[in-house]
Structure formats: C-alpha cells, structure tokens
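Asker: Residues per chain are reported as follows:
There are 2 protein chains.
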Amino acid sequence: MSTTPKYVYSFGDGKAEGRSDMKELLGGKGANLAEMSSIGIPVPPGFTITTEVCHDYYEGGKKLPEAVKPQVEAALNLVESQSGKKFGDSHDPLLVSVRSGAALSMPGMMNTILNLGLNDASVEGLAKKTGNARFAYDGYRRLIDMFGSTAMGVEHEAFEHELSKLKEEKKVKLDTDLTADDLKELVKRYKAVYSKHVGEGFPQDPKDQLWKAIMAVFNSWMGNKAVQYRRIERISELKGTAVNVQAMVFGNTGTNSGTGVAFTRDPNTGADEFFGDYLINAQGEDVVAGIRTPEPITQLDSEMPKVYKQLMDIRQKLEQHYKEMQDVEFTVEEGTLYMLQTRTGKRTGSAAVRIAVEMVKEGLIDEKTALKRVAADSLNHLLLPQLDPKAKVTSVARGIAASPGAACGKVILSADAAVAFHEEHPEQPIMLVRKETSPEDVAGMHLAKGILTQTGGKASHAAVVARGWGKPCVVGCEAIQIDEKKGQITIGDKVVKVGDYLTINGTTGDVIIGQVPTVDPTISGHFAELMSWADKTRTLKVRTNADTPADAAKAREFGAEGIGLCRTEHMFFEGQRIVDMRKMILADDTEGRVKALQALEPYQRKDFVGIFEAMDGLPVTIRLLDPPLHEFLPHDDAGQNEVAKQLGIPVEKVKRRVEQLHEANPMLGLRGCRLPIKFPEIGDMQVRAILEAAIEVKKKGKSVLPEIMIPLIGTVEELSILKKRALAVAEEVFKKAGTKVEFLIGTMIEIPRAALTADQIAEEAEFFSFGTNDLTQLTFGFSRDDIGSFMPAYIENKILPVDPFQTLDQAGVGQLVEMGTAKGRKARKEKHGEHLKVGICGEHGGDPESVVFCHNVGMDYVSCSPFRVPIARLAAAQAVLGSAGQRDK
Amino acid sequence: MSTTPKYVYSFGDGKAEGRSDMKELLGGKGANLAEMSSIGIPVPPGFTITTEVCHDYYEGGKKLPEAVKPQVEAALNLVESQSGKKFGDSHDPLLVSVRSGAALSMPGMMNTILNLGLNDASVEGLAKKTGNARFAYDGYRRLIDMFGSTAMGVEHEAFEHELSKLKEEKKVKLDTDLTADDLKELVKRYKAVYSKHVGEGFPQDPKDQLWKAIMAVFNSWMGNKAVQYRRIERISELKGTAVNVQAMVFGNTGTNSGTGVAFTRDPNTGADEFFGDYLINAQGEDVVAGIRTPEPITQLDSEMPKVYKQLMDIRQKLEQHYKEMQDVEFTVEEGTLYMLQTRTGKRTGSAAVRIAVEMVKEGLIDEKTALKRVAADSLNHLLLPQLDPKAKVTSVARGIAASPGAACGKVILSADAAVAFHEEHPEQPIMLVRKETSPEDVAGMHLAKGILTQTGGKASHAAVVARGWGKPCVVGCEAIQIDEKKGQITIGDKVVKVGDYLTINGTTGDVIIGQVPTVDPTISGHFAELMSWADKTRTLKVRTNADTPADAAKAREFGAEGIGLCRTEHMFFEGQRIVDMRKMILADDTEGRVKALQALEPYQRKDFVGIFEAMDGLPVTIRLLDPPLHEFLPHDDAGQNEVAKQLGIPVEKVKRRVEQLHEANPMLGLRGCRLPIKFPEIGDMQVRAILEAAIEVKKKGKSVLPEIMIPLIGTVEELSILKKRALAVAEEVFKKAGTKVEFLIGTMIEIPRAALTADQIAEEAEFFSFGTNDLTQLTFGFSRDDIGSFMPAYIENKILPVDPFQTLDQAGVGQLVEMGTAKGRKARKEKHGEHLKVGICGEHGGDPESVVFCHNVGMDYVSCSPFRVPIARLAAAQAVLGSAGQRDK
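As given, the protein sequences belong to chains A and B, one line each in that order.
According to my numbering, the first sequence is numbered sequentially starting from 1.
According to my numbering, the second sequence is numbered sequentially starting from 890.
What the hints contain is simulated information worked out from the structure, not anything from laboratory work.
This one's a predicted model, so the numbers in the text were calculated from it and none came from an experiment.
Idealized CB from N, CA, C, for every residue including glycine.
Where hints are given, some of them may not hold.
20 Å max Cα-Cα, derived DMTMM-like pairs, lysine to aspartate or glutamate [as the list claims (entries may be wrong)]:
1) A/Lys346 <-> A/Glu273
2) B/Lys1375 <-> A/Asp589
3) B/Lys1101 <-> B/Glu941
4) B/Lys1544 <-> A/Glu484
5) A/Lys723 <-> B/Glu1685
6) B/Lys1712 <-> A/Glu818
7) B/Lys1324 <-> A/Asp182
8) B/Lys1542 <-> B/Asp1477
9) B/Lys1054 <-> B/Glu1074
10) A/Lys85 <-> A/Asp120
11) A/Lys655 <-> A/Asp589
12) A/Lys486 <-> B/Glu1541
13) A/Lys798 <-> B/Glu1652
14) B/Lys1212 <-> B/Glu1162
15) B/Lys1198 <-> B/Glu1222
16) A/Lys29 <-> A/Glu324
17) A/Lys485 <-> B/Glu1541
18) B/Lys1612 <-> A/Glu796
19) A/Lys823 <-> B/Glu1652
20) B/Lys1374 <-> A/Glu659
21) A/Lys225 <-> A/Glu155
22) A/Lys655 <-> B/Glu1162
23) A/Lys128 <-> A/Asp182
24) A/Lys655 <-> B/Asp1525
25) B/Lys1542 <-> A/Glu478
26) B/Lys1544 <-> A/Glu295
27) B/Lys1687 <-> A/Glu763
28) B/Lys1114 <-> B/Glu1222
Computed beta-carbon distance windows for the label pairs [what the hints assert, rightly or not]:
29) A/Lys361 <-> B/Lys1720: 24 to 32 Å
30) A/Asn641 <-> B/Val1540: 47 to 55 Å
31) A/Ala550 <-> B/Gly1747: 53 to 61 Å
32) B/Lys1629 <-> A/Gly201: 40 to 48 Å
33) B/Glu1685 <-> A/Ala811: 54 to 62 Å
Some chain B residues flagged as far from chain A (calculated, every beta-carbon gap over 12 Å) [said to hold, decoys possible]:
34) Gly917
35) Thr1019
36) Arg1078
37) Lys1085
38) Lys1101
39) Gln1230
40) Lys1279
Chain A on its own, in the form it takes in the complex (with noise of 0.2 Å):
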C-alpha cells in the first residue's frame, strides 16, 4: 500500500504543519512562517507546496504530481476558513500573494505575485468592502502587471508605457495623483496589453491564477539566470524551490493600519532594545521606497499601544524561539497585528558581539555559539575609525576598498611631498592620492591618514602596506585623473585642488569631497570577553605581520603570538639608509658592497634589537631582503640627479645602473632567494645583524626566538646553499660573542615549484612559511599590480568568485598548499625525526574563510596585519567549531 506524499503544508491560526527545520522541504521563507505560526505568533494564513513538488514537476517531464492539486485545493479551502473569506468572491474576496522559496536565497527566480484573487467581478466587491476604489483598482493593476511580467512572459515597459501615457493625458505627475476612475482606465488598458501579449485574455477565474503563479515559480527554478547563478555558486544539493501562498493583508486601508519593520535589538551597537519603523496607513514597499518618512517603533506606543504591546511580547517569543536576534516584517490591518516575514537580522560587527555575548549571559545561547555567531570579518568595524554615521555623505567616486576604516585629510599627491607638507604641517591630516605606490613612497604613506590610488587591486602595493598599518586605503578607483603638473585631481567633472579635504571609507570604498567626521572605535568589554572564549577554543596559533617594534607591540596588545612575517625591505628606506642602501647597489664590486653593508649593519640591528624585545618571549621571523634592487633606486631624472648628487658619482652611473637592474617582469626576477646566491654578502649581514640583536636582546634577560626566513626558494640546493653561509656567519657571530641562540632556517614556500617539491626542501628547511600572495599570483599567472585591467570582466563574468588574493583559492592554489605542507612534514619527519612547523604569512592569514583552511590543512600557525589578528583568533575558534569559514550567500 503506497501512501501519498505529502505536497503541502498549512499554516496559520496558531498552528502549522511545518517548521524552521524544514528548510529543505518547505524553503527558508515557508519554514520560517510555518514556525512562527506554530510558536502562536500571527501571521496572516496560508500554505507551502514543497521543493519535492518541483523536484517531481522536472522528473515527470514538467507536470505536477497528481496528488498536488487536491492537496492544495484542501489547504486552500483551510485558508479560507481561517481568513472567513472566499477565493473569488465578488463581495468580500481572498486575496493571496504567490511566493517563491528555496532551502537557500538565490537570485533569478520568480518575484512575488500580489493580490491573486482579484477579477473583474472582485475588484468590485473589494472596493465597496474597503469603501476605497482607488485602493482596489490600484491593486487590480498591479495584479496584471506583476501576474503578466513575472509569470507571463509580458514585458514590464509594456505596462509602464501605458501608465505613462495615462499619465501625461491627465496631466499628473505621481502614480498617487491618479483617481480611482483613471485606475479603471488603466485596469481596461492593462488588459489589452495582457492580451495582445499573450494571446488570450487576463484569467478571470482566480483559481486559474493560482495555477499558472504556482507554475511560473516552477518554471523559474530552470530559468536562465537561477541555472547560472547555481552553477557559479557550486550549489548542486537543492531539490528545487517551494511555492508560497498567503493570505494578503494590508496596511494601507486606513489609519487604524499600518506596517514596519524592526530589529529585536539594535543591529548598529547590540543594544537589547527594540528598533525599528513604521508607517501608519502604509503598504510594506512604502517603508522601503521613502516617500514618507516613517516614525521610530517606539512611537507606536503611543499610537496604537495594544500592538505595541502584543509586538514587545513576539519580539521577546522570536528570541527566547530562535535564541537570535531576529529582523521582522509586520503589517496592522483594521488594528489586527500579523507577522509577515521574521529572520535572522544582519547587524554590524560591534552589535554582532554585543548581542552573542550578552545572549550568553541571558542563558540563551552557549559560549560556542556565540563565537559562531559573529562573522570574523566584521570584527574590522571595532578596530578601524568609521565615518560618523551621522553625517550625511556623497560618493562621488568608488574603488576598490584595500583597507578598512574612514580618513579624511588633504590631498597631497606624491609621496616626497607628503613628507614636506607634513615637515611644515605636522598637525594637518594627509590623504595621499597616487596613481600607484611603490616602496619609495613608505614614507609619504606612512605620514598620510589615508591613501587613494587610481590602479592596483587589493593585493596592490598600497593596499598591502596600508592593510598592514591599518591604515585607511581605497585603491584602482578609475573615476579619478590626476594631474600632478596642474596640482589637481578630477573626478568626473570636479575639480580637487592639493590641499583640499577629501574622505575615502576603506570598508566600502567610497570617495567623498570634502572633510566628513570620523568616529573612533571603542573596544569594548564584550569584546575582550568573546576573545578569550575564541583563545579557549582555538588549537591555531595566530602571529603577526610586523616589521617595526611599534606594529609588533600594537600586534601583541591585539593578541598576536608572534611575529610570522617581518618584512627586512621596509627597514631601508629611511634617511641615512637608503643613501647607504644605493651605495650597496651601485658599488661596482663585492668589496665596495661590503663596504656599504657595513655601514646598513647597526640600523639593520637596531631594527631587530626593538623587534626582539617588543616580542620577548614570542617566534619571530624574520625575512631577508625580498624586492628587487631596482625598487631601492628613483626612476626619474630628478632622483637620479640626487641620488648622484648624494653620492658623488656621475649621474650617468646611477642611470646606466637602474638600466641595468630594469626588467620585464621584476616579478619573477632577480629577488629574493637569487638575491644573496648572487650577492652572498648581503645575506651575511641580514643573518649577522639578527643574531647579533639576538644575543644583545638576550644578555637583557629576555628571551629570543629568532627564525630565519629565506624568501622565494624555488629548489632545495637554493636553500641549502644559503642555510649553509647562514650557519657559517652564526658560527662567526657566536664565536666573536662567546654565547649562542638557538634560532631556526626556513623557508617561505611561495613559488608553485617549492610546493610541488617540498619534500625534498624539508629536507634543509626547519619551518615553512606559506607566501600566499606570491604563491597566488604564480599559480594564476597574476600580476597584483596588473590585474585592474581584467578583474572587473572576470568579476563581471563571474569566472572567479571571490578575489584569491583575499581568500585563499582552495581548488587550485590550496593543492598547492595542502601538498606542500603533507609532503614537507612526511620528509622531515622521515628524516630528521622532527616536526616541521608550518605557517602562513600572505594576506590570507587574515581571512577568515582561508584561515579555516589553514586549520584544516593543520598548519601550526597563521600570520596576519596586527588589526586582523582578533579576526584570526576568532576565525581559528570557528574552524574549531567546525565553520566552514564562508562568506554569506
């Protein structure tokens, strides 16, 4: 005996057939309606046919089961019953609306149908019913053009175009300024368009509606768009989409109705109070339009107090119900409160950790869910200095948004000038706005509040350092031109002149003229409490990028466990250094580079000595010289003129030398690991500068743990010749000291070849340090700095989904890792008996979702910018808990 399936679940009146964990079956929207219902919450009443009704229209050939339609004719009737109110009755009709509704939100199906039920015959009756014609023809109209476009195949102009027209004849300007007889005019016209469209006439049997609503839902799941948008996504593991039918209930027939939205709690800081708006006489899209400005939900109180009541008591049930603060929809008909729709609510970082942890101390949920509740990301929005959101703002421009938070300061546009400006300013706040950076400008950047390029992408020079700094940077925003001659940017048509106010917000990458106030972050105490539970939780270990003693303090204050990356490049470009730097490079020979060496080596130890004592007790590695030369030396005549000035050679020399040095692609040029194989004595002086910091930093009582990083090993006899000079120089400095330190050499694994052959590394290498970014722009063969001219088509084109120089690209450059990491331990265990230590220290180490990853793949530790290392922590608690790390969909 074979039963039949269920298709259809009813709900409303205080019951329900469904509930919030049938997501699958009944979709989010119906699951959630379906609850709300059962818990006795009132919403207005209605049915959900399943997603296996639309699974089974496709395997049977695009037909419905046949047992579908006496279960819907059954929850139908119920609804009537419930609502007293008859589908198609010319007096006092049912009206529904149709809704589509799969397990997961997904653009490209069928919008929703309002107002099916309405014909020729109960158009009439609702007006008389409602006393109100415009309102009933209104919505008579909108049922024929929302039922004709969406389920029907019409174009939506079709029906514009006759509005317009009707428009013009009546000489009105608004919608709202045509009366109910021109909506009877426009009802007659609609039907003629209807008609020659689609070859027969508006259906007036409202069942007839219903049908054709529930079928173009179907039809939508295989549409185009829906098909694409799941392929791009990779969601493969839906049945299809369910079909929501509901009773319609208005707000807008009179002043004893109304609709809002609200928050249980306040989404911007977490309060636990109520927030939200309403309209008195008012449909939902009027809320969202904002042609009337609605008043605070408080105020309801006073307006109709026994619904504002009956809200404060949902509002508690849906969160001691979902133990989540929920975002809900509402409407009053004739002083009759229902719930439309309730969901989780978005709320900014700070109000996501308010909300978690105080949900803890109300006993509503535990520790582990409260750290699940808050996206790692959002941590940024308690780090970084926002704009006030008070002031009102104008975007004039958009860009790429690097790195997080607001700044305004006046616009400078080169980086030496930043340093002059602020030599005789230096109260005035700096934006610096360059076409793109380059290592030379660290100092200007590090003066400027802010800084805007018009090239690059978020892996771009500027985006790099600023993110590392914190620093506010908005980047590739092609809007701008800059006209260093002229002293002056454009942006469309305005003009900014050098030393004009200029805002850019990081988090979103908005430009704004003009100077816009900006709010500091305040951690709160909520805050530190969910760290502690994420330290608890997380077996990860989180270090820092740092390459300064006042980034590593900063870092260690935001919790970080060491230092996984200090870039060497950045230490040379101050003052004395890099005239000492360019007389390295333009030495002609090895003693004359030793010469130069020699006079780097104090600051070079210098550097480490603060670096060491900053992180007494903490890993820190450090990573030789990385860039090309050619970064060390200016490009133009000017600088060349200096730089030969400065160093009493003939300018010629300086030019014929960053000739020289000039390559096709410095990327994978001369840098790195081929460095000091090239010139061995600037390796030695690196290695001797850190171990003799060390051994200082030592006899201070403290404790050292340096790790040598060697950069860009692409084959172990790279490494195991330079390991070798390492060890060699440690013999000499511990010799000369008469103490030793242990320290570690290793590697970072950043070219597709060093993963590939690990094992064989390992070997030689104590630790590896995966380089993301490189690793990232070798596997894709992208250039950072290069990628503005193609990302927006790819993005565009939905070939990549998310940027794989923010998060991680698991299914190619995340093989690389993942071997990389099981091939080099398996050796190095195999061989030395050891465990190797493995990190990461790209960008990546600071995104969440790559962050799991690297849980996952059982690295020992990752390495982020000093702001993101809560984000990290919290990240690696997760991966714990078992998060998947991905973004919202």
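Please build the complex by placing chain B on the supplied structure of chain A, with the hints as guidance.
Answerer: Chain B alone, transformed into the frame defined by chain A:
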C-alpha cells in the same frame, strides 16, 4: 667456511680475470683493459683493485680488508713475470701507473700517478738500461711531483716554482732545454720540497709508494669535490672507485717507439676508414700538447708496416667485439705495440648516423640498437649550415648557443634598419645585433642570416623565434657593447662598425669578427633510412610549431605529422596588418575595434588557408592571440609619432594608450584568454577566420582538421565562456556557408592552476597542449627575459643541473604535467567517455630528454620547431626502446 672475496683482478698476456660487463666492480677503465686483454689484444699487464675494496675501506673505518694485501702482492708478482721486470729493481725496474676508475666517469677524483717504482737507485738503472739519463730523471722528477701533489697533498705550485727557478738559473726557456744533469739537480730540489711539506723524505721503497698511491685513490672518493659532484648529479648507486695498477710502457725511448690515438672510423663523417695520428719517439702527452705535429695514422704503414698491420687487425677485432666505433690509445715501445685504452668514440651527428646505419648493413647491430646509438640532439648537425671546418677561426666572445648553425652577415643594429638595408641590398647577408629583441622586430629578424643579442637566455624572444625558423642565434653575449648612436659594437677592445662582417656559431655560442665560410648540410640516404626505422618504432606523434605556410611545408618535409602550435600574433606585424591591428588597439569602443578587426579578418583567413593547404590531411592547432597588446605599439617617441600620423589621431592618444597598456609584469597581465574575455570581438574574428578558411580549403577537396587552442586558461570558467562564444561563431559561419567542418576546441595548459584543476578544465576542453615555456616560468617564478641576471650564478653554484627552459624540469614542472595529463584524461573519460588528446608545444617538444618524458607520461604528440622534428622523431623512438633520453654524464 667463508671464502675470501676476490679483491684484485689481473689482466695481461692475452688473459684477464675481468670482463667489460664488470664495470660496476672494476670501473670503466679496468673493465675495458681486462676485456681487451682477454680477447688477445696486447695491453701492458696490470691489475684492478675492485670498487668493493673502496666500499669496505669506508665501512671498516678507513681500513683495508686484510685479504687485499696478499692479493695485490700476488697480482704484482704476475705483472713482474709477464713484463720480465722487477718492481724496485735497480737495473731494469718495473714501473707502474696508478689510476682511479669508477663505473661512471667522475670529476674530482685522483689523477694518474705515473712512473711509480722509481727511486734514487732504480732511476740510475733505468738511465743505463735505456741509455737515456735525461729520460730517466725526467720521469723521476715527474713522479715526485705527481705523487707529492696528488697523493700527499703538496701544492703542485711548490714544484713548479723550483722548475721555474732552475730554468732561470740555467737561462733556458723550455723544459726540454734542461739537460740530464739539470734534471738530476731538479730531482734533488723536488725531494727537498717534498720533505719540507710532507715531513718525511720521498719514499724510496716502491711498495711504500704503491700503497700510498692506492690509499690516495680511495681517499679521493670521499674528497669534497667528488662528494659534491655525486650529490649534484644525484649519483648514489656507486659502491666506490676501483684502482688500476699497470706496467708503464714508453713511446719515447727512440725511433723504434711512438704513440698515437685513433678512431676505428672517421668520427667526423662516419666513413669506414681508420682515422688518427701518431708521433714517433713521443709520449701520449706530446700528441695532446701539440708541440710537435703528429702524422696521419695511414703514414704509419710505411714507417712501421708490421705495427700498422697489427693495428688494422686490432681495429677490426675491436669493432667486431664491441660492435661500436672505438677511440683507442696506443704506444709502441721498441717495436712492440701496446693498446692503452679503448672506449666508445665520440662522433659528430652525421658520423653517428652513418656509422649506425652502416653497422646494421654490416650485420654488427640491429635497427633498434642503431636507433639508440645516435644522440637525438646530434641530428642538429645534419640540418643546419656549419662553419667550414677547414676555416681557421678565432672566437672573440662566447654567448649562449641559442639556435644552432653558423651564420655570417653584415652588422645591423635595428630591425627597421635591417628592413631598409635589405630593400637597398637584397643580396647582402645581414647579422642583426640587438640588446634584446621583441615581437616588433620580427620583420627585421626574418631578413637576417643570424641574430646576436647581448641579453636573454635560451628561451628569450630572440632564441625562441630564431629556433622556430632554424636561424642561427647567439644570445646573452654580455661581452658585446652596442652603441647605436655611434653605429658600432665593441667586443673587449675590438670595434665592429655597422656594415662590417660578423660571424656567429649558434651551435657553440661563439662570435667571430669577419667573414667565415659556411658549409651547407647534406641530408644523406643514411639519415633517411635511420628516420624510417624511428618512425616504425615510435608511438608518439611529432607535430611542428609553424606560423606560415612555408614553415608548415618545410616541417612536413622533415616529417611533421601536423601543426601543434600555430601562433597567430606574428601574423599581425607586416604591412597593412600592423596598421589595422593598431587601429583596433587604439579604438575607443567595441564598435571601433570590430571595424578594425573586420579589416584584419581577410588577412587572417588567407594565412589560415595557406597553412591548411600545406597541412592537407593533418591536424592544425591554432592558438588565439596570446601576447599583451602593448607589444603591437611602438614605445619610442618616433614610432608613436608615426603611428599617430598613419592613423590620423593625436600622438597624445597613442601615448596614453601605451601608458594604459603598460604593465609591471606583462607576463602575468592582460594576455592570452584574458584578452578575449575583455574584448570578445578579438576572439570572434579569429575563430571566424579559422573556420571560414577551413571551409574554403575543404571546398577545394582537401582535408582540414582545425583545432582551436585557447591560451593561458587558469580556470574552467574562462574556457567555458570562450568555448560557448566560439561555438556560437561557428554556428553562424556554418549557417552562412551552408556547410560544416569538424573542429576541436581545446586549451594550453601553461598556468600551474590549469594543471592543478585539469579535471575541471577537461570537462570543457577537447584537447590539452602543455605550454611548458610559460608553465616553467610560472612554476619556477622565472621570467625567461630576465634570468640572465642570475642564471650564471645558478649554473656556477650548480643550483640547476640544466636550463629548465631547454630540458623539462621533471622534478617540479614535470609533476604538473603528469598531474594535468592524468586528471584531465580521467575526467574526460568519466564525463564524456572520450580519450583526451594531450600534447606539448613548448620548446621542450624538441628536446630529446623531454620527449622521452612526454612519451612516458602518455602524451599523444609533441610539437617542436620544424628543424627539430627529426630530433623528436628519433627521441620518440628511443623512448620506446627504453632510453632515458639523458644527457651525457
């Protein structure tokens, strides 16, 4: 009962305990001496101490096994009885040589010590016996020098110093001017040097000398140099070195003595003629040193008819025995012939072919052996013009041998100047000398006989293009300085003006000032025969990389079975095409681009028609436009002004576009499939031209098999979008033409990510072609245009055993090739039930070792330059025969 192992193998007097197949135990030299002796060829008697002794020596803590000593004593006794002389005899002493010899030839091990057995007493005996005191004392002082420096660690310079001092005292210039008494004095002084450095006198006991020499050989096995060599070459299978002790014979005892070297066939031509030189009354080193001019070997027939006849018999015996051409050394002592060495003789490519084929005819070897006998790479010699071997040349500089063959022409310093010069003097040969070349230079490059560049490596633009054309090319010749303004180049202190003759040897990298005659190759019948055997044997197809009908036709002559890579970018540089191309690039919008592309389309179609016709019946893989667009625009003011004039647009616009297109790393920028993703109209035009051309050729009754290849794919989404677009264009073309052609759409696998995600990509791709040039660049992070700056240091440090752009890096890049092939094949089979066609079209497709790798990976074909097609055919056959395709060690 344990038997004492046999540690010592005797040879001599027509007998031997060893054989030539005992190389592992006796080393190469010892095994061959034994073999010669046992087949009745006269060799001075001696013995070999096995490699096992060396092994046991180290296993036993540097102690010789006990049984060695008595076995050596016994073998020495046998040598004494066979030679009729006593070791250490003061009247007629037996003298011996001691040499190391492992199974593989290995630098870093101990050199030969000659004349062991001489001491203060026996030297007098030898002087008396030979009546030549000078000879005896010269031998003695050489022994002290060799023994002291190679066995006892005395610096050779210390002996040399004494020699120079004595010559000064005696006021003579040459060593040979020293008299017997002088040499007697020198022996005294050498002994003093020895005592001073060693701390004891030169050993007078010949046995003592012998044992010390033997131990020195064993110790050299673990010497730094030898250990390092084995590590770098990854030699781990050897047990140790053997020691060869052999009676000395002297060719310099009078006119009845002599010495010579010979090949059993002509190593230059392969002719079946005895080939060599000899000197009467001379030692081996005299032949090598070139102080006296040796006589051709045939001359010996009249001087020493008996010896000559004996030599001719030995020649035949050796060839019959070894079934291989031999390189022998011999000495005649007092009318008695001794063979000192035989080994496989080195030969030119044409000799190798002739010898292999003739030996098959002679029944010495079979066809398979013949195929293995010819180093595939050596076929180069048969395919290209060479410097006339009769010409006397002096190389003034040596660069990287980038494309083999010799060329001579008048120096021209720019591509444009080459075009102009050619127009005026079409009959005069051009030698194009540039810092580096770029795609703009191709017209001028094509007109040149040879190309010489100052920078770049084997995979630089100049090298790749020249190799494709089979045009001699030397790159990375850092010694040349180009001064375009002065119209000259300088090489060291020599100046070569524009218009002067310069000759290059692309096979060796040599640069020669002036005109050197070249000889054209003759492709003999032997060559064709060998190739036919190769074709019967191989399973791997061989295609060619060809961009023009002429190249295609030439490659077909060389046996190409299709085109594996037809690059379309070279097609846009000539005449009107470059103008239209630039119009396209400078267009403001899609419309403008489409218009320019329409103008280009007929040219493209015509190109493809020619290629399809030339390749009638064979597949043709056409790669869509690959390079960045800036390569089509001039980068200098003059060029930009001209373009502006030509196109009637302001020069500022040209400059702006060049600036816009500028990229930090063009290799990783907007190129390959990224171009048609951004500008789909470019791909559309090319696909249309390909398919229209295919239809046109098909209509002529020919068979066309187009394969459209989309370059630089990194994600399956790129391919899926571009494939869909190409299929749409195809449908349109076929509809218009009223007919269809079959074609494939596939991709290059040249981005590491493509190999890693090959399973995904194979769902869309109908074939894979590994672009190992770019794959190598990205896997190593090497820009082939920039490696010149550090590659010398890499080679010097043995970081890379071989240029990875020439021979595929199997350890790293090879993993990606294997992974990509396996994943792609599996997915294609699973999803489409099809075999995925896989080939390679990088430079490696013509490298024998890489071809063997491709065969082993299971590829369907390799594709290479027309001139390398025969090489690939032979290598593919060798792969079947189990050759590892490795370089000589």
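Asker: Next, verify each hint and record whether it holds.
Answerer: Okay, the hints, checked on the actual structure:
1. A/Lys346 <-> A/Glu273: Holds, at roughly 15 Å.
2. B/Lys1375 <-> A/Asp589: Between lysine 1375 of chain B and aspartate 589 of chain A the Cα gap is close to 29 Å, so the pair fails against 20 Å, i.e. violated.
3. B/Lys1101 <-> B/Glu941: Holds, at roughly 19 Å.
4. B/Lys1544 <-> A/Glu484: 17 Å, holds
5. A/Lys723 <-> B/Glu1685: This hinted pair holds, its Cα atoms lying about 17 Å apart.
6. B/Lys1712 <-> A/Glu818: 17 Å, holds
7. B/Lys1324 <-> A/Asp182: Between lysine 1324 of chain B and aspartate 182 of chain A the Cα gap is close to 81 Å, so the pair fails against 20 Å, i.e. violated.
8. B/Lys1542 <-> B/Asp1477: 10 Å, holds
9. B/Lys1054 <-> B/Glu1074: 12 Å, holds
10. A/Lys85 <-> A/Asp120: 17 Å, holds
11. A/Lys655 <-> A/Asp589: 17 Å, holds
12. A/Lys486 <-> B/Glu1541: 17 Å, holds
13. A/Lys798 <-> B/Glu1652: Measuring from Cα to Cα gives roughly 18 Å; hence the hint holds.
14. B/Lys1212 <-> B/Glu1162: With a Cα-Cα distance of about 15 Å, the restraint between lysine 1212 of chain B and glutamate 1162 of chain B holds, given a limit of 20 Å.
15. B/Lys1198 <-> B/Glu1222: Holds. Lysine 1198 of chain B to glutamate 1222 of chain B sits at ~16 Å (cutoff 20 Å).
16. A/Lys29 <-> A/Glu324: 17 Å, holds
17. A/Lys485 <-> B/Glu1541: Given that 20 Å is the threshold and the Cα spacing comes to 16 Å, the pair holds.
18. B/Lys1612 <-> A/Glu796: Holds: lysine 1612 of chain B and glutamate 796 of chain A sit about 17 Å apart, inside 20 Å.
19. A/Lys823 <-> B/Glu1652: 29 Å, violated
20. B/Lys1374 <-> A/Glu659: Roughly 17 Å separates the two Cα atoms, so the pair holds.
21. A/Lys225 <-> A/Glu155: 17 Å, holds
22. A/Lys655 <-> B/Glu1162: Outside the cut-off at roughly 61 Å; violated.
23. A/Lys128 <-> A/Asp182: Between lysine 128 of chain A and aspartate 182 of chain A the Cα gap is close to 17 Å, so the pair holds against 20 Å.
24. A/Lys655 <-> B/Asp1525: 18 Å, holds
25. B/Lys1542 <-> A/Glu478: Judged against 20 Å, a Cα distance of about 18 Å means the pair holds.
26. B/Lys1544 <-> A/Glu295: Distance of about 57 Å is beyond 20 Å: violated.
27. B/Lys1687 <-> A/Glu763: Holds, because 18 Å separates the two Cα atoms, which is no more than 20 Å.
28. B/Lys1114 <-> B/Glu1222: 36 Å, violated
29. A/Lys361 <-> B/Lys1720: 24 to 32 Å: Distance hint for lysine 361 of chain A, lysine 1720 of chain B is violated at roughly 54 Å.
30. A/Asn641 <-> B/Val1540: 47 to 55 Å: Once the Cβ atoms are compared, 27 Å apart, the range 47 to 55 Å for valine 1540 of chain B and asparagine 641 of chain A is violated.
31. A/Ala550 <-> B/Gly1747: 53 to 61 Å: Holds, since alanine 550 of chain A and glycine 1747 of chain B (Cβ atoms, about 57 Å apart) stay within the stated range.
32. B/Lys1629 <-> A/Gly201: 40 to 48 Å: 46 Å, holds
33. B/Glu1685 <-> A/Ala811: 54 to 62 Å: 40 Å, violated
34. Gly917: Non-interface label stands for glycine 917 of chain B: nearest chain A Cβ at 28 Å, farther than 12 Å.
35. Thr1019: Nearest chain A Cβ is 53 Å from threonine 1019 of chain B, so the label holds.
36. Arg1078: Fine: 38 Å to the nearest Cβ keeps arginine 1078 of chain B off the interface.
37. Lys1085: 32 Å, holds
38. Lys1101: 33 Å, holds
39. Gln1230: Glutamine 1230 of chain B clear of chain A: closest Cβ-Cβ about 35 Å, beyond 12 Å.
40. Lys1279: 41 Å, holds
Violation of the numbered hints given earlier is confined to hints 2, 7, 19, 22, 26, 28, 29, 30, 33; the remaining hints are satisfied by the structure.
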